[in-house]
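Engineer: In case you want the letters, here they are:
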Amino acid sequence: MTRSREPLWWLLFAAGGTVAAFLVPIHIALSGIAAPAGLLQETFAYDRMRALVSHPVSRFYLFVLIALPLFHWAHRFRFTLIDLGVHSARRLIAVLCYGTAVAGALATVAVLLTL
Amino acid sequence: MSAYRRAMPSTWWLRNRAYFLFMVRELTSVPIAVYLILLLLMVRKLAAGQEAYEAYLRFLATPGMVAFHLLALAAALFHAATWINITPKVLVVRVGEHRVPPALVAGVNYAAWIVVSLLIAWIVMRG
Amino acid sequence: MPQPTITLNIFRYRPEQDQEPGFQTYEVPYRRDWVVLDAINYIKDTLDGSLSYRWSCRMGICGSCGMMINGVPKLSCATFLKEYYPAPVRVEPLANFPVERDLVIVLDDFMQKLTSIKPWIIPKEAKLLSAGEYRQTPAELARYKQFSMCINCMLCYAACPVYGLEPRFLGPAAIALAQRYNLDSRDQGRSQRQEVLATEEGIWDCTLVGECTTVCPAHVDPAGAIQQAKLATALDWVKGVLMPWGKR
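Protein chains in written order, with my numbering: chain A, 103 to 217; chain B, 4 to 130; chain C, 4 to 251.
Check before you lean on any hint, since a few could be wrong.
Stated by the list, open to error - Subject to a maximum C-alpha distance of 20 Å in a straight line, what follows is the list of computed DMTMM-like cross-link-like pairs (lysine to aspartate or glutamate): (1) Lys130/C to Glu198/C; (2) Lys85/C to Glu143/C; (3) Lys148/C to Glu100/B; (4) Lys121/C to Glu198/C; (5) Lys92/B to Glu198/C; (6) Lys127/C to Glu198/C.
What the hints assert, rightly or not - Covered stretches of chain A, as calculated for chain B (at least 3 residues, CB under 8 Å): (7) 116-128; (8) 150-160; (9) 185-196.
I should point out that these hints are in silico values taken from the structure, not numbers from a laboratory.
By construction, the Cβ of each residue, glycine as well, lies at the ideal position given by its N, Cα and C atoms.
Extracted from the complex, chain A is given alone in its bound form (with noise of 0.2 Å):
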């Protein structure tokens, strides 16, 4: 096989587009439009929020929230520039695009321990 590790990618990738569409579009109303517009005041309140979020089966799911989107965006990105065009360099590109998403992950991982 000329690409052996693609499946790990592409299962990444499924993995990721399903938490991003079942997941995604309430976090976004809740933390980016909700909270900052002052909605549910006492919900998003720091006290509170802290709690919440430092409790260990929470850190486990914003891990599974944050990280696996961003597998999903890097293989799709990658795909994204192929087919806009971009054919040299598309190893530079795999490891760029997957990259940025360990690294994201890991800064993921490095952010829920310090709660």
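Dock chains B and C against the given chain A, drawing on the hints supplied.
Structural biologist: Quick look at chains B and C alone, frame taken from chain A:
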């Protein structure tokens, strides 16, 4: 050989509606990824302390950030719809010689999407 | 009452006299029951015998008459003039293929790709005729039947931007045909086909644009076949990683 090869322009995706919507679908992964970085930042601010967190909320309330989040929400919804619509093609469910209608498979997924979204909202607001 | 006419703008390329291709305009009688192929045959018979094109059954089963009609890959025998009348109709050879002459494309690449996926039953052991026929239940037939309906018209290759950008891409029809055999209960040749399928230019180049399925006149759903092949290959890979001792 005297065969004539027609070139494919890099603007091929502007040629028709289906190609254009495909490119939009692919590009939804970008605002989604950016949103998740902003979410990670929010978690980091939570770890840093009350002042940092509340300053971040004020930052998110600026017009630019609100506009971004509305764009990201539209992108996430478009991604969700296209993803769920494609699911029956990838996961073929058969009962004997009959195939479960794709619309039913997609419908079940949409229902699950609603349930999951409500569940998460409930956990965040009550949990 | 004068006979209504419709305008056809047809791609012309005659390598012995043309450096570049061009378009030629023809006025053809408009009949509500005519398809584009009827109009083209009228041109060939009465207006311009030099026009070259492929056709055969004129009823949507042979797959010969695929062309770009107003920029969309279609069978010219299945596309009615009344869909466009009174606007002019632009007819071009199928996209993403080299043009040999006028509306005739070079389809060698397609033929080579179809053959490369071994489109025949590969049994585990050869069976003697005296052993009797293969038996298959309706449910077993249903697993692959849709993918067996391909008429090799190549509209899917014309619709696929990945094939347009990367000519080495195996393409929708070839992968769907491979799936047709992989899912056939009489076949055990999947691992042989994987050598061609599970490669960068095989299933992994596909980005699920989905236009192949949209244009397919036989409702094969090649996009579905490709995604199913990706999932099956990915699950195989997981099994190979978790249980490397298992044989394929």
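Engineer: Each hint: holds or not?
Structural biologist: Hint check:
1. Lys130/C to Glu198/C: 25 Å, violated
2. Lys85/C to Glu143/C: 42 Å, violated
3. Lys148/C to Glu100/B: Between Lys148/C and Glu100/B the Cα gap is close to 11 Å, so the pair holds against 20 Å.
4. Lys121/C to Glu198/C: Judged against 20 Å, a Cα distance of about 11 Å means the pair holds.
5. Lys92/B to Glu198/C: Violated, at roughly 24 Å.
6. Lys127/C to Glu198/C: Holds - the C-alpha atoms of Glu198/C and Lys127/C are around 17 Å apart, at most 20 Å.
7. 116-128: Result for this restraint: holds, n = 9.
8. 150-160: holds (count 4)
9. 185-196: holds (count 3)
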